[in-house]
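Asker: One letter stands for each residue in the lines below.
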Amino acid sequence: GAGVSQSPSNKVTEKGKDVELRCDPISGHTALYWYRQSLGQGLEFLIYFQGNSAPDKSGLPSDRFSAERTGGSVSTLTIQRTQQEDSAVYLCASSLVQGTAYEQYFGPGTRLTVT
Amino acid sequence: LAKTTQPISMDSYEGQEVNITCSHNNIATNDYITWYQQFPSQGPRFIIQGYKTKVTNEVASLFIPADRKSSTLSLPRVSLSDTAVYYCLVGERGGSQGNLIFGKGTKLSVKP
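Chains A and B are the protein sequences, given in the same order.
Per the working numbering, the first sequence runs over residues 1 to 115.
Per the working numbering, the second sequence runs over residues 1001 to 1112.
Quick caveat, the hints were computed from the structure, so don't treat them as lab data.
Values in this document were obtained by computation on a predicted structure and should not be read as measured data.
One or more of the hints may lead you astray.
Part of the chain A face toward chain B, derived, beta carbon under 8 Å [to be verified]: (1) Leu39; (2) Gln41; (3) Gly42; (4) Phe45; (5) Ala88; (6) Leu91; (7) Ala93; (8) Glu103; (9) Phe106; (10) Gly107; (11) Gly109.
With beta-carbon atoms standing in for the labels, derived distance ranges [said to hold, decoys possible]: (12) Thr1056/B x Pro61/A: 36 to 44 Å; (13) Ile1008/B x Pro61/A: 22 to 30 Å; (14) Lys15/A x Thr1029/B: 45 to 53 Å; (15) Thr1056/B x Asp63/A: 44 to 52 Å.
All residues carry an ideal CB built from backbone N, CA and C; glycine is no exception.
Given only the sequences and the hints, what does the whole structure look like? Please build it.
Answerer: Right under this line is the structure:
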């Protein structure tokens, strides 16, 4: 079946512009996660959704970052007034149920470059 | 979430067995140990998960001692395609904690 998909695969934007990153999880997966990975670094947790609600927003780096999920499916991560330090690969993952130990299926990521 | 510690990098040669050890001294009773593999320009991929003793699948084996304060991922007869970053994670099923702390992982380089 189809895996997790993300769009766009690459995004180049100018500093100060807003960007929207999209994630389509595996059908039927109730949990959805966003991570960020800077070059040569590990994954940094941003936010997760259980259904349409986000119990844990502690990983969002600043109030310029927000995310939503609608219909228990597609999620959008929005970064307002982008800064150069926002440049990274943004990864989305989904799992059948919420819980740290449940297998997460990752998408290919969106590479964001802020110039 | 229990913090994990693993080597930053390891080198190996094709055909050798590779063992990557992860320390998790503060592991909780309900925690499972999970390993992910990440190739360049791809998202991580689940490899194996265990709670205690030994787990084996078609890709790897996971050894967990009785005190569960560490675990060892064993990759038999590695090939060049096993060059990747390997992450050890510890966490429970269910509950309200949803995130995974991946850390920097262990970068495995397999040479011919």
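Asker: Hint by hint, say whether it matches the structure.
Answerer: We went through each hint and held it up to the structure:
no.	hint	verdict
1	Leu39	violated (11 Å)
2	Gln41	holds (7 Å)
3	Gly42	holds (4 Å)
4	Phe45	holds (4 Å)
5	Ala88	violated (13 Å)
6	Leu91	holds (5 Å)
7	Ala93	holds (7 Å)
8	Glu103	holds (4 Å)
9	Phe106	holds (3 Å)
10	Gly107	holds (6 Å)
11	Gly109	holds (6 Å)
12	Thr1056/B x Pro61/A: 36 to 44 Å	holds (39 Å)
13	Ile1008/B x Pro61/A: 22 to 30 Å	holds (24 Å)
14	Lys15/A x Thr1029/B: 45 to 53 Å	holds (48 Å)
15	Thr1056/B x Asp63/A: 44 to 52 Å	holds (47 Å)
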